[in-house]
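Number of protein chains: 2
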Amino acid sequence: MSKELTTRAEDYSKWYNDLVVKADLADHSAVRGCMVIKPHGYAIWENIQQTLDKMFKDTGHVNAYFPLFIPKSLFEAEEKNAEGFAKECAVVTHYRLKTNPNDKTKLIVDPEAKLEEELIVRPTSEAIIWNTYKGWIQSYRDLPLLINQWANVVRWEMRTRLFLRTAEFLWQEGHTAHATKEEAIIETKQMLDVYADFVENWMAVPVVKGVKTANERFAGADDTYCIEALMQDGKALQAGTSHFLGQNFAKAFDVKFVTKENKQEFVWATSWGVSTRLMGALIMSHSDDNGLVIPPKLAPNQVVIIPIYKGDEGLAKVNEVALQIKSKLNAKGISVKYDNRDTQRPGWKFAEYELKGVPVRIAIGERDLANGTVEVARRDTLSKETVSIDGIDSLIEKLLVDIQTNLLERAKQRTQNLTTKVNSYEEFKKVLDEKTGFVLAHWDGSSETEEKIKEETKATIRCIPLNNEQEVGVCIYSGKPSTQRVLFARAY
Amino acid sequence: MSKELTTRAEDYSKWYNDLVVKADLADHSAVRGCMVIKPHGYAIWENIQQTLDKMFKDTGHVNAYFPLFIPKSLFEAEEKNAEGFAKECAVVTHYRLKTNPNDKTKLIVDPEAKLEEELIVRPTSEAIIWNTYKGWIQSYRDLPLLINQWANVVRWEMRTRLFLRTAEFLWQEGHTAHATKEEAIIETKQMLDVYADFVENWMAVPVVKGVKTANERFAGADDTYCIEALMQDGKALQAGTSHFLGQNFAKAFDVKFVTKENKQEFVWATSWGVSTRLMGALIMSHSDDNGLVIPPKLAPNQVVIIPIYKGDEGLAKVNEVALQIKSKLNAKGISVKYDNRDTQRPGWKFAEYELKGVPVRIAIGERDLANGTVEVARRDTLSKETVSIDGIDSLIEKLLVDIQTNLLERAKQRTQNLTTKVNSYEEFKKVLDEKTGFVLAHWDGSSETEEKIKEETKATIRCIPLNNEQEVGVCIYSGKPSTQRVLFARAY
Numbered sequence: 001m002s003k004e005l006t007t008r009a010e011d012y013s014k015w016y017n018d019l020v021v022k023a024d025l026a027d028h029s030a031v032r033g034c035m036v037i038k039p040h041g042y043a044i045w046e047n048i049q050q051t052l053d054k055m056f057k058d059t060g061h062v063n064a065y066f067p068l069f070i071p072k073s074l075f076e077a078e079e080k081n082a083e084g085f086a087k088e089c090a091v092v093t094h095y096r097l098k099t100n101p102n103d104k105t106k107l108i109v110d111p112e113a114k115l116e117e118e119l120i121v122r123p124t125s126e127a128i129i130w131n132t133y134k135g136w137i138q139s140y141r142d143l144p145l146l147i148n149q150w151a152n153v154v155r156w157e158m159r160t161r162l163f164l165r166t167a168e169f170l171w172q173e174g175h176t177a178h179a180t181k182e183e184a185i186i187e188t189k190q191m192l193d194v195y196a197d198f199v200e201n202w203m204a205v206p207v208v209k210g211v212k213t214a215n216e217r218f219a220g221a222d223d224t225y226c227i228e229a230l231m232q233d234g235k236a237l238q239a240g241t242s243h244f245l246g247q248n249f250a251k252a253f254d255v256k257f258v259t260k261e262n263k264q265e266f267v268w269a270t271s272w273g274v275s276t277r278l279m280g281a282l283i284m285s286h287s288d289d290n291g292l293v294i295p296p297k298l299a300p301n302q303v304v305i306i307p308i309y310k311g312d313e314g315l316a317k318v319n320e321v322a323l324q325i326k327s328k329l330n331a332k333g334i335s336v337k338y339d340n341r342d343t344q345r346p347g348w349k350f351a352e353y354e355l356k357g358v359p360v361r362i363a364i365g366e367r368d369l370a371n372g373t374v375e376v377a378r379r380d381t382l383s384k385e386t387v388s389i390d391g392i393d394s395l396i397e398k399l400l401v402d403i404q405t406n407l408l409e410r411a412k413q414r415t416q417n418l419t420t421k422v423n424s425y426e427e428f429k430k431v432l433d434e435k436t437g438f439v440l441a442h443w444d445g446s447s448e449t450e451e452k453i454k455e456e457t458k459a460t461i462r463c464i465p466l467n468n469e470q471e472v473g474v475c476i477y478s479g480k481p482s483t484q485r486v487l488f489a490r491a492y
Numbered sequence: 493m494s495k496e497l498t499t500r501a502e503d504y505s506k507w508y509n510d511l512v513v514k515a516d517l518a519d520h521s522a523v524r525g526c527m528v529i530k531p532h533g534y535a536i537w538e539n540i541q542q543t544l545d546k547m548f549k550d551t552g553h554v555n556a557y558f559p560l561f562i563p564k565s566l567f568e569a570e571e572k573n574a575e576g577f578a579k580e581c582a583v584v585t586h587y588r589l590k591t592n593p594n595d596k597t598k599l600i601v602d603p604e605a606k607l608e609e610e611l612i613v614r615p616t617s618e619a620i621i622w623n624t625y626k627g628w629i630q631s632y633r634d635l636p637l638l639i640n641q642w643a644n645v646v647r648w649e650m651r652t653r654l655f656l657r658t659a660e661f662l663w664q665e666g667h668t669a670h671a672t673k674e675e676a677i678i679e680t681k682q683m684l685d686v687y688a689d690f691v692e693n694w695m696a697v698p699v700v701k702g703v704k705t706a707n708e709r710f711a712g713a714d715d716t717y718c719i720e721a722l723m724q725d726g727k728a729l730q731a732g733t734s735h736f737l738g739q740n741f742a743k744a745f746d747v748k749f750v751t752k753e754n755k756q757e758f759v760w761a762t763s764w765g766v767s768t769r770l771m772g773a774l775i776m777s778h779s780d781d782n783g784l785v786i787p788p789k790l791a792p793n794q795v796v797i798i799p800i801y802k803g804d805e806g807l808a809k810v811n812e813v814a815l816q817i818k819s820k821l822n823a824k825g826i827s828v829k830y831d832n833r834d835t836q837r838p839g840w841k842f843a844e845y846e847l848k849g850v851p852v853r854i855a856i857g858e859r860d861l862a863n864g865t866v867e868v869a870r871r872d873t874l875s876k877e878t879v880s881i882d883g884i885d886s887l888i889e890k891l892l893v894d895i896q897t898n899l900l901e902r903a904k905q906r907t908q909n910l911t912t913k914v915n916s917y918e919e920f921k922k923v924l925d926e927k928t929g930f931v932l933a934h935w936d937g938s939s940e941t942e943e944k945i946k947e948e949t950k951a952t953i954r955c956i957p958l959n960n961e962q963e964v965g966v967c968i969y970s971g972k973p974s975t976q977r978v979l980f981a982r983a984y
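Chains C and P are the protein sequences, given in the same order.
If you're matching positions, the first sequence starts at 1 in the working numbering and goes up one per residue.
If you're matching positions, the second sequence starts at 493 in the working numbering and goes up one per residue.
Hints listed in this document are in silico derivations from the structure and should not be mistaken for laboratory results.
Per the computed footprint, the stretches of chain C lying under chain P, defined by three or more beta-carbons under 8 Å from a beta-carbon of chain P, are: (1) 59–65; (2) 79–89.
Taking lysine to aspartate or glutamate and the EDC-like style, the derived pairs with C-alpha atoms no more than 16 Å apart in a straight line are: (3) Lys260/C with Asp834/P; (4) Lys598/P with Glu79/C; (5) Lys98/C with Glu580/P; (6) Lys104/C with Glu571/P; (7) Lys598/P with Glu83/C; (8) Lys579/P with Glu112/C; (9) Lys752/P with Asp342/C; (10) Lys98/C with Glu575/P; (11) Lys54/C with Glu538/P; (12) Lys590/P with Glu83/C; (13) Lys606/P with Glu157/C; (14) Lys590/P with Glu604/P; (15) Lys626/P with Asp27/C; (16) Lys590/P with Glu88/C; (17) Lys829/P with Glu812/P; (18) Lys579/P with Asp110/C; (19) Lys326/C with Asp390/C; (20) Lys87/C with Asp602/P; (21) Lys598/P with Glu117/C; (22) Lys549/P with Glu46/C; (23) Lys106/C with Glu609/P; (24) Lys57/C with Glu538/P; (25) Lys134/C with Asp519/P; (26) Lys606/P with Glu88/C; (27) Lys106/C with Glu571/P; (28) Lys546/P with Glu46/C.
Idealized CB from N, CA, C, for every residue including glycine.
Bound-form chain C, shown alone (with noise of 0.2 Å):
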């Protein structure tokens, strides 16, 4: 069969590869390191933009949008995320394109059309929003100031990998503006709290909440918030950060306002955001050698129902009940697709489910019709059983409800198991080599100690976990004093 995986054995990375192409979730395009996001991988993607949105709308936000082009004199005001994301601005220098004076079938850039000054494309929105912010904020009684936007952005990327990293993305990024920094501070917390129940609850992947050292901090910020997540190879992913910004770009694009007390004071500043990279998340946690897994809370379709049946009056039979079914669990809410399309013979429908990550798969034979029965697999442990149709609408939804939390059971249980404290530089070393995974560990605290352990292993420090226990220790590296242990990981 064509459509056959590499295993995670064989390549974990190959088999990354090949799944996201053959589920149909995207695909490279001619543009180098842009991905092209396929029908279904789209569907799961417009699934995590709504949750995500709701829960964004429940917490107060807004929407707006904001340019793709930032000039360049704004996008380097704030001079540490300029710094920051300089080495990766796709840049944007002429508006009109003339006909080759050589051969009239091509094109060239007009050299009489170049723009006065470059344009970014936006690879983040903070300079062009603090910059309109400026316009909009006057006085308290414009604060807190609550907008999301959802965009593309552009990050020039040299390796890059479909969902993972791509030079083109898509994303959300909320920018706050608030009065206080206490109160801007509780916003970013709030906001990583959203992100961490999203991944948890609907993705099925549990997260570690931390906070970032100065090294991986957001460039800009003066505390990174982040999720991490741990992937079946023992790589972490970060899922999504929320930054808390200070005054740095209220200070940059000199945005103040007019306190009660009739004072002018520069607006604290947050911005959060998590990508399609979730994607990634999501397909690397729980997938296998047979395909994509998609846990059902955001699968497009949560039931296949497949018919089993010879000719034309067989199919006639198994239709009936096979529709019947369909409005039972869809009147539950569920989503399902009846599949019985005559060009595809049973077999290869089964395997193209299982590789598409439907959650349920319901066959129907003629013979089952007679028995008032049907097939249900459950695609998270491709396990079978034959159920009687009487009720079949409560145990679908039942079981659907299990198979959620059994992929967050058992992405915890995988995370625990590979999560490992050493209490040295060797065995810190041997772990990352041999078991790999998350990595707790006592660290000096400086950014030297960070990078050099960084350069010796490809390990960075994901995050420090928020509320982490204190405990007296010292660094596996330097042997300096620490009251902490740290994340560790080697990371996509």
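Following the hints, position chain P against chain C.
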């Protein structure tokens, strides 16, 4: 009051610009020709998106996402399309910035990071999509391909106006692939009908469906169908287009399929789109000198409740009743904002929600409470009445339907009054200058005549209406024979 608008009679164009900014719909940005869509404007756009997205899915389409950038060599493959858009293309030429050696706080484009091939920021996506479809389509079994994309596009316009014509805008673009010419034409017309249905029945804007002349056709299309609407100032606005692309893109990108009869044939194509320009049509169709008027079906808040009270005790009493009314309305699926902020007076709030176009306002005073009544005001007619709180939910539900109907009827009446049949060029020019609106006139069918009329009067042929009455006549310009009248107007 600082928010007062220029009146339409004074200066229609200034009224529009004032309204868009003051009603918090959109704002100019630091990037030439690009707008910021503000939260209130974006909330309306989200309702437009959600409604259309459902209509697309109900007609069998799925969403996907294709790259923002198009390599120049792909862009120029379909020559007419390339020629049509070449003069308004933003071009990415570099992928990195670096520190300015003469001023460490500034950045410059890194000359060493020049792209081998320039990238065009998509003005429309036929080229990148058909280049992708080449890999997706092999057999008749892969057809039809019914895909839509929600995206931003960039067309470097020299004269821009918020929503109506901006360098960057948001839109959806459908791109479908079919095995036969007939099927592609049916799709083209189906999507025109979907657009007409949406614009008339959700936006309450009546449209004329028609087909463009060769001059006004989309670059690369064999036929362009359109819906044309008439604004309050008698100018036309193209609200949506649906293109039959023939085999032009299939030939440019060599997209062939194997038919059931095992022959190789080129694929047939359509594309269709509507954009944030629809916001301009919505605003200019219904709004008045007090501000925006939003059709209830697209209003982010369909009802606003404003309390009128003295002191905290008064507010507490009104709050109780207001929240009861709100929850009754919510139960009917009506969206309600209760504005009991104590920072603004009722008069200010009345003006504010009038400006922002909320369809229905309910004012509740302490005296009303004793009588069991409230004051209900409708935004479309500005009329008010005192009604009993009993049964208010059914009354408001009906009122919202009435307002939606009234807006459409009012706009239909206006369009009818401003549609004039003329039989001479003198009359044609007089109507354009004095009465304005749609002008139905005989035309000889030549591009030459069409261009001369455009040059001399600034009027263009908006479309040849579908199911047009056939009538013997002579061209108003050339005197040559004609078989039907076509629809002329000055247009946005």
